[in-house]
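Chains U and X, in that order, are what the protein sequence lines are.
Residues 1 to 165 (the numbering used here) make up the first sequence, in order.
Residues 1001 to 1496 (the numbering used here) make up the second sequence, in order.
If you're looking for bench data, these hints aren't it; they were derived computationally from the structure.
Model, not experiment: these values are computed from the prediction.
Check before you lean on any hint, since a few could be wrong.
Unchecked claim - Stretches of chain X that chain U covers, calculated by requiring three or more beta carbons in the stretch to come under 8 angstroms of a beta carbon on chain U:
no., stretch
1, 1187-1195
2, 1222-1235
3, 1351-1359
4, 1362-1375
5, 1400-1411
Virtual Cβ for every residue (Gly too), placed ideally from N, Cα, C.
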Amino acid sequence: MRYETQVAGRTFRVDVDSSGRALVDGEAVAATIDEIARGRQWRVGLEGRTHEITLLTREPMRLLVDGVEIAASAIDERSLAASRGTRLQSSGRHELRAPMPGLLRAVHVREGDIVERETPIVTLEAMKMENELRAPARARVVRLDARAGEKVEGGAMLAVLVEIE
Amino acid sequence: MAPFKAVLIANRGEIAVRIIRTCRDLGMRSVAVYSAADRDALHVRLADEAYPIGPAAPRESYLAIEKLVAVATGAGCDAVHPGYGFLSENADFADAVTKAGLVFVGPPANVQRLLGEKTRARKIAREAGVPIVDGTMDAPADAAAARDAAKRIGYPLMLKAAGGGGGKGMRVVRTADGLDAAWRLAASEAQSAFGSPALFLEHLVENAHHVEVQIVADAHGEVVWVGERECSVQRRHQKLIEESPAPAIDNALRARLGDAAVRIAKAAGYRNAGTVEFLVDGKGSFYFLEVNTRLQVEHPVTEAVTGLDLVALQFRIAAGERLGFAHADIQRRGAAIELRVTAEDAHAGFVPATGTIAFLRLPAGPGVRVDHALFEGMRVPMEYDPLLAKIVAWGKDRREALARARRAVRETVIAGSATSLAFHAHALADPDFSAGKYDTGFVASHWPPAAPPELDDSAATAAALVAVLASRAREAHPQNGVATAWSRAAREDALR
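Next comes chain U alone, as it looks inside the complex:
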């Protein structure tokens, strides 16, 4: 299987063959890899050097490499091909999502309302701060999933707005 990986802003092609040998950018690497904690931490021996690498978070992937935190990703070629060219979002449709987990202090609109640009839609309280999420444009609220007093996770869908003239 072939993977395209990104680590700290650099791209590497990694091939893993059926015998478990790894090639990085076409060159065989003599690496010894030990899994220190299952699915979380590895020791990689590479030409006399040892690297300790920990998976800090999965989504987005962040690795701790010898004490340095970096962004990383690895995607196999089949998935990469499939993901290209998708992701069409109809223009003028805005999904209002919670940028962070928190408590919905107030909901300022109702489904069907027409709101002007910058109109507060909800007030989200997270870690001592209240934040207003506002309409990005003059729009109609076509869907409202937010209720005042509710706790929401980061990324939770709160409302769908469709731009109007």
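Fit chain X to the given chain U structure using the hints.
Quick look at chain X alone, frame taken from chain U:
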């Protein structure tokens, strides 16, 4: 002799663990409380006893005064330590504890009321001859009155909650256009945090130093300033790094700040440990900000350079003992720095993060202390403060303290939740920070970094290989719950 027999700790997380430790050192029984979200928490397991007090929502557990007092009396406690946050600056709680015949470990309710009202605290400071930031002496009635006051004070300015501090109900306003929206949000925050929407205005002193003075005062009128802490590295008015000595001030200014802190404390009739916060501008002028009538998060910085146990001092003062020392008796050694590791994504503007601690390795070695309540399998709760751990490094001078702090960050691994550690590593490597040249504008001007950190070829190759493995790895989720352990045991027995 132990100052008390048994202490109720009305808090959670690292500070509850911190207080339990001193209870054990002094030979006092520690009694913990926990919400439904904290049943498996470290403080619950380390305390001598622990009692449930309700659901995860703070209002129904850690802020429920009657429940806490009932547990304290039921468990035979003779004192209550509130920690920081939650009810630590709530005068009604101090009153309720006292009425139940127990000792509140902190300033008396009347002192808390006096200083908790920030507009009154400003008046006390002014009467004590300590400079305050130009602003309103009272809370304007509404946004319209605030607009009038703002014309005199000038922009940029700060809106601050009159009812309390700690960064809640606080907003920077740069132009008259922004005043109404900021007023609305800050008033609402103040209402939910302090039960009153009252706000006051202060001129914004930009790129200043946030320096605070630790004081202790006994019940016999003795007030001693212990030392200062520089706390200018902040985001959203919440501190990320604190250190002592403050690198930007000299001994003369330090002594003037200490003297001002003592004068304010005496004028307010202060008792127990407290912190007087000041802004110090680039010209050596200073202004009183507020008094925190509790133990500060960053108290270990002062403990590191003085060798004092401030929590033990709090208990002894609460029991009526005399301080028995003056400022001149305090021997300050070296320098200390604290890094607040929070469950916040440093790469996404410090937004709160959640998750489960999947792997943990904390630093150790000479000069390193870590106060925390972490364990592998711990769920990072979104209901409470995002503080995960405080890494405190001490050295014979600032250079050694920073070297040890860098070493400690290099050793630390906290996986499963985004954290602020990348920021700390970046700050400690920054030439300005290393030179002690930073102020309250530091985070805005130095974060996020212009380029991602660099890896050499060997490390990058190893990381690429691990990225492939990590993208395929699936985690084993820990199984928690009342029935799970037994039902699993039963299932396994049936298969024998």
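Hints and how they fare:
no.	hint	verdict
1	1187-1195	holds (count 4)
2	1222-1235	violated (count 0)
3	1351-1359	holds (count 7)
4	1362-1375	violated (count 0)
5	1400-1411	holds (count 3)
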